[in-house]
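Number of protein chains: 2
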Amino acid sequence: MPLPADIGLRDGRHVMEVPFRALLLPANGLPGHRVGPALERFQMRLAERTGNEWRSDGNAEEVKLFIRWERTGRLVLGEDETYSLTITPARVEVQATTDLGILRGLSTLYQCLAFDGGEWYFPALVVKDQPRFPWRGLLLDVCRHWMPRDVVLRQLEGMELVKMNVLHLHLTEDQGFRVESKIFPELHRSGSNGQFFTQEDVRYIIEEADKRGIRVIPEFDLPGHATSWFVSHPELASAPGPYAIEKRFGVIDPTFDPTREEVYLFLDRFLGEMAALFPDAYMHIGGDENNGKQWAANLAIQAFMKERGLKDAHDLQAYFNGRLYEILTRHGKRMIGWDEIAEGALPQDVTIQSWRGKEGLISAARAGRDVVLSNGWYIDLCQPTAYHYANDPLPDDIGLSPIERKRVLGGEATMWSELVNARNVDTRIWPRTAAIAERLWSPAHVKDVQDLFLRLEQVTGQLENVGLRHRSAQMELLRLFAGTEEVDALKRYVDLLSPVQGYQRHSIRPGGYSTATPLTRLVDAAVPDPLAANRFEQIVDEYLRTRDRTKLDATLDSWGAAVGELLGRTEITSRMSVAEQQQLLAFSELVTRLGPGRSDPNTRPPSLDDAALLAQARPKEAEVVLAVLPAIERLLKAREP
Amino acid sequence: MPLPADIGLRDGRHVMEVPFRALLLPANGLPGHRVGPALERFQMRLAERTGNEWRSDGNAEEVKLFIRWERTGRLVLGEDETYSLTITPARVEVQATTDLGILRGLSTLYQCLAFDGGEWYFPALVVKDQPRFPWRGLLLDVCRHWMPRDVVLRQLEGMELVKMNVLHLHLTEDQGFRVESKIFPELHRSGSNGQFFTQEDVRYIIEEADKRGIRVIPEFDLPGHATSWFVSHPELASAPGPYAIEKRFGVIDPTFDPTREEVYLFLDRFLGEMAALFPDAYMHIGGDENNGKQWAANLAIQAFMKERGLKDAHDLQAYFNGRLYEILTRHGKRMIGWDEIAEGALPQDVTIQSWRGKEGLISAARAGRDVVLSNGWYIDLCQPTAYHYANDPLPDDIGLSPIERKRVLGGEATMWSELVNARNVDTRIWPRTAAIAERLWSPAHVKDVQDLFLRLEQVTGQLENVGLRHRSAQMELLRLFAGTEEVDALKRYVDLLSPVQGYQRHSIRPGGYSTATPLTRLVDAAVPDPLAANRFEQIVDEYLRTRDRTKLDATLDSWGAAVGELLGRTEITSRMSVAEQQQLLAFSELVTRLGPGRSDPNTRPPSLDDAALLAQARPKEAEVVLAVLPAIERLLKAREP
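Same order as they appear, the protein sequences are chains A and B.
Take 1 as the starting number for the first sequence in our numbering and just add one per residue.
Take 1 as the starting number for the second sequence in our numbering and just add one per residue.
By construction, these hints were calculated from the structure, which means they are not laboratory data.
Please note that the accuracy of each hint is not assured.
Listed next, the in silico DSS-like pairs over lysine-lysine satisfying Cα-Cα at most 30 Å (straight line) [as the list claims (entries may be wrong)]:
no. : chain 1 : residue 1 : chain 2 : residue 2
1   : B       : K211      : B       : K182
2   : B       : K182      : A       : K182
3   : B       : K491      : A       : K551
4   : A       : K620      : A       : K637
5   : B       : K247      : A       : K211
As the structure is a computational prediction, the values presented were derived from the model and not from experiment.
One chain only, chain A, in its complex shape:
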C-alpha cells in the first residue's frame, strides 16, 4: 500500500534466508547518500519481524537482493520515482532510474514480507510502479500544540512506508512561533514558550527526510495567524499591541501591517534566513483567514488603501502578497499559499494549495497555476477514511483540459493541531493517511473501499513496527483516563467510538478549547473512523445479504460482554462525564436487545421506534459518536416489517 500501478503475481515464493544479503549496483558507481541507509533500515526491519540477525559478513555469491539504479535523484518536484520489483524463488531485484525509485521499491518489498507459520517469504511477483501525482504531502501543524522533533521524525518513517514525498511544516501561528531565528532570536524566544525547532533540529529533520526521499516545505503564515510574531515585534502589526501568545483557537485579529516598508525589510531578512535554512524550491506563505479587522480599524492603513486605489482587504492582501512574491523570488524560492492568495493578481508561477473547495483547484488550474489539493483531506476533522479516499484531485469529469490537468500536482493531508497534541497526534494521522497516500500514488481506478480496509488492517501494524505510536498512544490515554492498566473492556468499547466530525468540539465544550485544555478525555483516545466500525459494517452487509446471523451474533455478544464488564468497573465509569455514561448505557441497552437478549422472550427487540434510545446514544456533549450506530440503524431498519 499504496497499491502499485502494475502488479503481476507469479507462482512460487522467495524464501527469506539469513543473511538476506544485498548488492548495490548504481550504474555510475556512486551509491549516494540514500540507498545505503535505506537498506540498513530495511534490513533491520526485516530482522525485527523475523527475529534473525540482519546482516553478517560473508561471501558475495550469497547475494539475494540486487538493487540497480542509474543516478542519484534530485529532491525536486517531479523527479523520477518509478521502479520495478521482481521477486523470483532465486532472487529479488529492485530497479529504478533514481535512488528515489529504489526507496519506493524497498517500501513495497517490505510490505510483501509474509509468514505462513513455517517460513518467512516474499511471494513471487513482478511490479512496475510509478506515482500518479508528484506531490504527495502531509502537513503537520507544530504550532497550536507543539510537536517536538521526535514526533516529526517518526512521521517520516510512516510517510516513507506509504511513499509520501512532501512534509509541510506549519511553523508559525497565533499560538506559537516554532522555529529558531538567529537574526531575530526574540521571535522564537518570546513567541514559543521555549518550544521551537532549533536550526540544528531543522537541518536534522531535512537530512532525515532527504534520506527518505521527502521534501520539507516550511510555512510562515502571513499576514494573519501571526500573533506570536508580534509578542516581540508589535510594531509589525496593524494595531499597537502589546501582544501575548494566543491560547484560544480560531480566526484572530492580529495581522501584519502591509503598508509599512519596515515590515518588508523585516520579512526580507527573516525569509531570507529561512530560505537558506530550508533547501526546498518552495516556500509557503500561508495567506489564509485574514479577517481584516485590524486593517479596517487603522486609519493609516485606510489612507494607504485610498491612496493606492485598493478598494478592500482583498486588494490590500493582494498587494502584500505581491511584495512577498518579490521577496521570495529574490531569495530563489517559488511561492505557495492557500486559496486566498489566488484572489490577487500574482504571477502565474505561484502555486495554490486549495483548502476551501474543489472550485479553488479548478479555477487555479484554469488560471494557469499549479495547484495542490487539501480540501477533503483535513484529517483533523475526523471524517471517514472512505470520504478521504474518494477525494480524487482529478476525477474524469472535472472539466479541465489536458494541459490544465497537468497543473494539478497532487495534494496534502493536513494535520491541524487545535485538538491533538504530541501524545495523540499519531492516532489522528495513521493509518488513515495511508488511504490518502494511495489516492495520490495509485492509478485513479484503484478505489475499492473494502479492499482498502483489508490492506489498512495490515499497514496499520507495519506503521507501528516502523515506529509510529497510533496504537500505543491510544492505550496510554485509556490507561491514564481509567487510572488502571486493566482497560481491555474500555478499549473494546472505545474501538467503537469516533470523535464528532468537523469543528463541533470547539462549540460543544463549555468555554471552548484552549492550549491549556488537557487532551485526555475519551474523545482524545477515540480514533476517527475506527477499523472495528468498518469490520462491523461488513458483518451487517453480510448478514443482510445472507441472513446468516453467526458472525453478527458473535460480534454483538462480544460487545455485550465488553460493555457489561465495563459497566461493572465503576472505578472507570465514575470518571466518565454524564454524557459519556449516558452514551455507554444506551449502547449497552441496544446491544443487549440486539445481541445476548435476542433469545430472551422478556427482552423487547429494539426497533427504529426506539428514537429515545438512539438519541441517548448520541449525546452531543460526549464529543464522541458511536461509529457503529449507522450500521445498527441499518440493522434495525431491515427488521422493520
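For this one, chain A is given, so just place chain B on it according to the hints.
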C-alpha cells in the same frame, strides 16, 4: 514513592477544585528557573489526570497552593533538598529551603492526588522529608545500543517523579562514540554510525535536567572500552590498528597507550572541551575492565613500564589515571571512576563508583574516599526488584566509622545496553528503578517488600502518565512479534515471564549477541520480575496461610484461559522458537493440573515428582524463565504428604 521520611495523615481532604491556582513565594522575590516550569508540568499533569483545564486567569483570593522557598539551589552534591508539605481542607503548602526541595515536594504532592469515584482530592497530611543520600543516580549506556535524545529526556521525567538527582551518561564505548566533539569531529563522525548527541543536544538535556534538579555526569570510559575512539585515531591505541566500530559485546582488547605524551595532549584537549560542555563538578573516566592484552603485546609499552618501575598493568593504569587526574584537575573537575581506579595511588578526593562488590565500597570509604554504590543495582541483569531494594549502601553492620559512613554518597542504578535498545529500554528501567530510588531517598527502616510492591503498582501508572514507555513498549513488541493487534492472551502469558538473569543470554544465543541482533523476541518483551509474579506470590502465601483456594483458583483459571487461548492461536505460537513453545506447553500442563483440571478425577494432580515437567518449563534456550515457577513449586511442595 519514595516514602517520605516523616508522614502524618490528618482527618479530611483537600478537594481539588479548578482552577487549582498556585502562588509562588520565593523569600528573596526571585523565582529562579526551576519552580515556574515545574509548576506548569505539575498543573498540566493534574489536568491530564482530572480532565480539567489546568489554569485560568482569575483573582488571587482563589489561591489554593502556596509554594515558599528561600533560595535557588545550586545543582551540586549535597545541596539542600528538604521540603515540607502540608495539606489541609483549605489549602496546600509546599515549603523548602531551596527550589530543589520544592521540586521534591511537588513530586510527592502529585503522587497524593486521588479519586474516590466522585471527586479528585489530596488527603490531608503533613510531610517532612529529606533524602537519606545526596547521590541518587541512573546510569544510561547510550553506546552499545544508541539511545536518542528523546529517550534520555523521558527518563528525566521518571527520575523527577521518584526524586533521583543524577543522570550518568555513559558516552563512549567500543560500540560507539556518542557525543559530538568540535575539536576532533572525526571522533563522532567515524565512531558513531551517525548516532551521537550533538553539543546542542547535550546542552538541551542538561538544561532540562537542571529544571528537574538533576545533575548530568558524563562518562568517557578510559583506557579500555575505547575501540570507537581508535576508528579515527588508531595512533592513540596500544596496537597499530586499523580499528572498526565493535559490533560484539564483552571485554575487548583495544586500549589507550598510556606511555605516549601525545595521548595526554589529545585527552587534555578533548576532556577540556567536554569539561566546558558539561557543567557538573564531576567527570567520570570509567577505568573498568582493561584486560591489558594490548599493553602486554607492545614492546615499547613494556620498556616504558620497566623504565618507570611499573610492575604490571595495574601499575600502568594507575599511572594513566594519575595523568588523567592532573588533566581533570586542570579543567576544574573532580574525578570519579569505577572500582578499578582505587587500585592505584590516586589522591583521596577521587570518587569511587563501586560495581564489583560491597568490599570496594567499604575499602574506598576506609581509604578516605567518597564512594557511590552500583553493585547490586545492575538493572540490566534482570534481577528481582526485592533484591535491588534490599541492597542498602549503608547497613548498620557495615563496619564503617561515622566519618567513613559519611563518605558513602549514595548510588546509581546502571542501565547497560548490550541487550536493550531505544525501543524497550524503558521496560528494563521502570518501574523497578523506583525501588532503588526509594532505597536511596527514604530512611533505612523503610524496607517492607510487600508494601513496596503495592506502591509500585501505583507508581508504574504514574510513570507512564509522565511520558515513560515501559508499558507501551512491551505491547508494541508483542504486536510486532505476533504480527497482529490481538495479543491479549500473549500479553497475559508474557506477564508471567522474566528474562534469564545475569549474563546468561550472551552464551545461550547461538553465535551470541551483537549490535545487529534484533531485540524483538519474547525475551525482549518480557520484563524483569513482573508485577504479576509478585501478585501470585502473595496469593500463594495467602493460600498456604488460610487454605482458602478462592483467589488461587481464580488466578489459575485465568492463566488456564489465557494459555488455552494462546495455544489456539497458531499464527502466534508458530512464531515461537522450539524452546518457547516447549515452555508454553509445559506451563499449560502445570496450570491445567493445578487449576481447571483440579476437580477432574482423570487429571492427575501435579507433584514435585514432575521433575520432567518442571524441567521442560525451564528450557535455557528460551532465554526467559517462568517468573511464577518458584511460587508454583512452593505450592506443589505444600501439597506433598
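Structure-based check of each hint:
Between K211 of chain B and K182 of chain B the CA atoms are separated by roughly 26 Å; this keeps the pair inside 30 Å, and the hint holds. A distance of roughly 20 Å separates the Cα atoms of K182 of chain B and K182 of chain A; the hinted pair therefore holds under the 30 Å criterion. Only pairs whose Cα atoms come within 30 Å are accepted, and K491 of chain B paired with K551 of chain A is accepted, the gap being roughly 26 Å. At most 30 Å may separate the alpha-carbon atoms for a hinted pair to count; K620 of chain A and K637 of chain A meet this at roughly 23 Å.
Proposed proximity of K247 of chain B and K211 of chain A is supported: the alpha carbons are some 24 Å apart, at most 30 Å.
Checked against the numbered hints listed earlier, the structure breaks none of them; every hint is satisfied.
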